[in-house]
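Use the sequences and the hints to build the structure in full.
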Amino acid sequence: MNRPLQPPAIEPAELVWHDGVPESKRFGDVYFSRDNGLEETRHVFLQHNQLPERFSQIPRGGSFAIAESGFGTGLNFLAAWQAWRHHAPTHAATLHFVSVERFPLTREDLTRALALWPELKVLADELLLHYPPLVRGVHRLVLDGGRVRLTLFFGDINDAWEALDFKADAWFLDGFAPARNPDMWLENTIRLVRAHSKPDTTLATFTSVGRIRRAFLEAGFHMEKTSGYGRKREMLKGVLEASALAEPEQHGTIAIIGAGIAGCTLARNLAERGLPVTLVDSHGPGNGASGNAQGALYVKLGVEFNDQTELALTALTFAQGFYNNWRNQYWHPTGLLQLAHSPQEEARQAKFLDRNEYPEDILWPVNRAQASELAGVPTQTGGLWFPGSGWLEPGNLCKALTDHPLISTAFGANVSGLRPCSGQWHISTEEGSPIVADRVAICSGHLSPELIPTKGRFRLKAIRGQVSHLPAPAIISPKAVICGNRYLNPTLGEIAVTGATFDLRDNNPLPTIESHNENMQELGSMLPSLFSSTSEKPGGADLDGRVAFRCTTHDYQPVAGPVFDGESASLDGLFLFTGLGSKGLTYAPLLAEYLADQLTGQPACLPANLVRRLETRRLYQTDMAVS
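According to our numbering, the sequence shown is numbered sequentially starting from 1.
Accuracy of the hints is not assured; some may be wrong.
Dumping the calculated BS3-like pairs for lysine-lysine here, alpha-carbon to alpha-carbon at most 27 Å [as the list claims (entries may be wrong)]: (1) 351 to 300; (2) 167 to 198; (3) 479 to 537.
Hints listed in this document are in silico derivations from the structure and should not be mistaken for laboratory results.
Right under this line is the structure:
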C-alpha cells in the first residue's frame, strides 16, 4: 500500500480509459457523456443557465461569476469560456469561474482528455500552460488577457465553500452521480451553495434525483425538471427566488499612491478589469525599493506547512504565472538554487524534505554536483532547486505595467496628506490642487505610515538594503539565481547584482564601501569558486550599487486590505498594501490580485485562513483614532 501523501501535495485522480473516454477509478463513473460531452455541457449548463443571453448584458467593468462543484477535466469551464468569447461584450469585463476538485487530474491526463475536443484547442492549450501544481488549497489562474479568472480549490468541497468568499450568478452542479459520490450532494453542501448565491442566481445539474430537488427547494430555490441530454431523460434547473434586488457593481474613481511593484501590479490588475485608475508617485514607476536592476523571485518555505508557508507558496506559484507575460523581456525564468550554505541550513532543509511533499514543478532536492551543474558555478553544497523561478528587471517591469490606456499617472506629485471629505478622499500634494478619488490604495512602502490618516503608531519599519553591482568579467556568470546568505543573479549586460545587506539601524540612503565589503565577504563565503581567475577580485571601493529601504511589519508578513480606525470600523474606501519586505517581487502579483478582488467586489482569490494573515488591524497600536 502506498504511503498517503504529505502536505502540500494532493492525491491526483486515477483514470481508466474506455473507448477514449476517461472514467474515475475511485468513483466508477465517467467524466462526461459518452454521447458527446461538449454538447451535454452546452445543453445542461450553458442553455439552462441562459448564459449566452446573460453574458451579452454585462456592463463595462462588470463581472459574471460561475461556480462549479467539480472541475474534472475542465470541459465545463472551457465551454463557458468559449461562450464568453462569443457572447460577452467587447468592452472590458471579467468572467469568474470558481471550481473545486478533490482529486485533480495530472497535467498529462488533462492533456489527453482535452485533446478529444479540437474546437477548444486554443483555450485548452492556455489552460494547460497555466494549470497549477498539484498542491492543496486555492489557485487563481488569470487567462485571456485578464478577461477570464479561474479560481481552483484543490480539496474537499465543503472546505472550499467555507473558505472562499464569492457570490455566484450561476451554478454548474456537476460531479459524479449522487449514488456514486454522495459527499458532494450533502444537505450542508447545498446550504453552502445557497449562502454563495446572489438573488436570482440560477443553477443547473445533470441529475434529477428527488432528494436533491427537495433539498434545493428547502434552501429557497425554485426548482423544475426539464429534458436531459442523451441517455439522461431528465435534469434539474433552478433559480434562487429573490428576496431583494441585487446591488449593481459600484466602482467610482480609484487612486493608487506609490508606483513600486505593489502599486504598479495593482494598477495594471484593475485596468485589465476595465476600471480606470490614477497612479500617483513623487518620481515615477520603479524608483524606490522596486528600482533595482535585478531582483530574484524567491521565498523560503517553512519547515511546517502552516498558513504562513501556504501564503508564500501560493504567492510564488501565482507570481511565476503572472511574470510569464513578460518572459524574456523583463522576466528570466532561469530556475533558482537555494543552497544549503551552512550546517544549520542543511539540517533545516533535511527536516523540510522529511515533513513535506512538493511536486517537482515547484522544487526538488539536489546534491552538490547537481547544484553546480544547474547553477553553472562550482558550489560547496547541494540544496533545493526551484525550476519555475528566476530573476526580474523590476524597474523596467514597473514601467511596462503602467503602460495601459486606463492608467492615468500623476508622477512628480509629492503627497503631503490624505483626508476624507464629502464621501471621497482628498490626496494633498505639494504641487497644488488635491487629487480626489472615491477610493484610495496606499502602496508607498516604508513611507505608508505617514499617509495613514489615524493618530498613533503602526508596527511598520524600514530596513536598509544595499546591493552591489559585480563587473561581469570578475565572476563566473551563473546560469541561474543562487540564494543563500546572499543572492546572486546571472549577468545583465556588464553587471550581476548581489546582496542585499540587512541594516536595521542605518538610514543612510547612499551606498557605502562597508556595505559593499559585507556583500563581498558573504558572497565569497557562499560561493568561494565564483570569482574569475583571469580578473582581480573587486573590493568594496571598486563597486557600484544601490540602496533601498524595505518596508516590513513586526511579524515580517505583508498586509493588504481595508484600513481601520483602530477599533473595528473600516475607513470607507481606504486600503493599505505594504509590508512586503525583501519578497516584494514574489508577493506583489498575488496580493494585487486579492486587493483588486476586494475593490471590485469580485470573487476572492484567497481562502479565509490566508486573508486573516493579511489583515491591516494587526499593525495597529492601542488608543488610535481618525485624525
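Tested hints:
1. Pair hint residue 351 plus residue 300 holds up; C-alpha atoms about 14 Å apart against a cutoff of 27 Å.
2. Using a Cα cut-off of 27 Å, the hinted pair residue 167 and residue 198 holds, with the two alpha carbons roughly 6 Å apart.
3. Of the pairs offered as hints, the one joining residue 479 and residue 537 holds, with about 20 Å between alpha carbons and a cut-off of 27 Å not exceeded.
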